[in-house]
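Colleague: Chains as they are written, first to last, in the working numbering: chain A, 5 to 109; chain B, 5 to 109.
One or more of the hints may lead you astray.
Note that identical chains are pooled: a pair holds if it fits in a single copy or bridges any two copies.
In silico DSSO-like links for lysine-lysine, alpha-carbon gap of 30 Å or less [as the list claims (entries may be wrong)]: (1) Lys107 with Lys35; (2) Lys37 with Lys75; (3) Lys37 with Lys69; (4) Lys35 with Lys92.
In case anyone wonders, no lab produced these hints; they're calculated from the structure.
Protein chains: 2
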Amino acid sequence: MIRVYTTALALTCTLSPLAPAGAAGDAQAGKAKAVICSACHGIDGNSTNPLWPKLAGQHEAYLAKQIRAFKSGERTDQTMAPMMLMVKEDDIDDIAAYYASQKPK
Amino acid sequence: MIRVYTTALALTCTLSPLAPAGAAGDAQAGKAKAVICSACHGIDGNSTNPLWPKLAGQHEAYLAKQIRAFKSGERTDQTMAPMMLMVKEDDIDDIAAYYASQKPK
Numbered sequence: 005m006i007r008v009y010t011t012a013l014a015l016t017c018t019l020s021p022l023a024p025a026g027a028a029g030d031a032q033a034g035k036a037k038a039v040i041c042s043a044c045h046g047i048d049g050n051s052t053n054p055l056w057p058k059l060a061g062q063h064e065a066y067l068a069k070q071i072r073a074f075k076s077g078e079r080t081d082q083t084m085a086p087m088m089l090m091v092k093e094d095d096i097d098d099i100a101a102y103y104a105s106q107k108p109k
Numbered sequence: 005m006i007r008v009y010t011t012a013l014a015l016t017c018t019l020s021p022l023a024p025a026g027a028a029g030d031a032q033a034g035k036a037k038a039v040i041c042s043a044c045h046g047i048d049g050n051s052t053n054p055l056w057p058k059l060a061g062q063h064e065a066y067l068a069k070q071i072r073a074f075k076s077g078e079r080t081d082q083t084m085a086p087m088m089l090m091v092k093e094d095d096i097d098d099i100a101a102y103y104a105s106q107k108p109k
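Next up, chain A with everything else stripped away, as it sits in the complex (with noise of 0.2 Å):
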């Protein structure tokens, strides 16, 4: 049995790296780290004022790029740069989970 388990342990460690580059964040923990965004993008990503673009539902891989890009300055925004201050890396995958899960009304 203890061979059994150590096998498929074995096997996990070795497939892991195989999992696709930018491999999904922590919706659930992106949850938390968005409530900063919630205040223009809305709790649940349906942003209200036209100008502050909806998040729920979008691809996930979309938003992670675009936060990425306005936290380095690729793409600027007034209202975006400061914010990006209070956005760490680490937390930029799970808060673009946190959105891409969200139903877009």
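Assemble chain B onto chain A, guided by the hints.
Modeller: What follows is chain B alone, placed relative to chain A:
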């Protein structure tokens, strides 16, 4: 009767400049103009590629602003840049209106 019509016409011409800036585009007209966008973003704006954002149901004002940002170079993207050469300024509001009117999935 002619006096009534003339007065109504005069009032319309006087008041029309007071229409909100960035008044809504024509979604129906936008459908044909958005054909070039559909290859990536999907016919109804529900893109299936995680790097190409879903546009369906997005705020019209935000969509129009981003198209203009890509067209001016204020926002840069290697895929979008050549596409912008095929988008006329006069079409932007209609394209934005079309995607804003689509149902997000």
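Colleague: Each hint needs a verdict: does it hold in this structure or not?
Modeller: Now for the hints, and whether the structure bears them out:
Taking identical chains as interchangeable, the C-alpha atoms of Lys107 and Lys35 lie at most 30 Å apart whether they share a chain (14 Å) or sit on different chains (25 Å). For the identical chains of this complex, Lys37 and Lys75 are intra-copy neighbours only, at 16 Å inside a copy versus 33 Å across copies, given an alpha-carbon limit of 30 Å. Both within a single protomer and between protomers do Lys37 and Lys69 lie at most 30 Å apart by alpha-carbon distance, with minima of 17 Å and 27 Å respectively. When the C-alpha separation of Lys35 and Lys92 is checked against a cutoff of 30 Å, the pair qualifies only within one copy, where the shortest distance is 14 Å, while the shortest distance between copies is 40 Å.
When the structure is compared with the earlier hints, no violation turns up for any of them.
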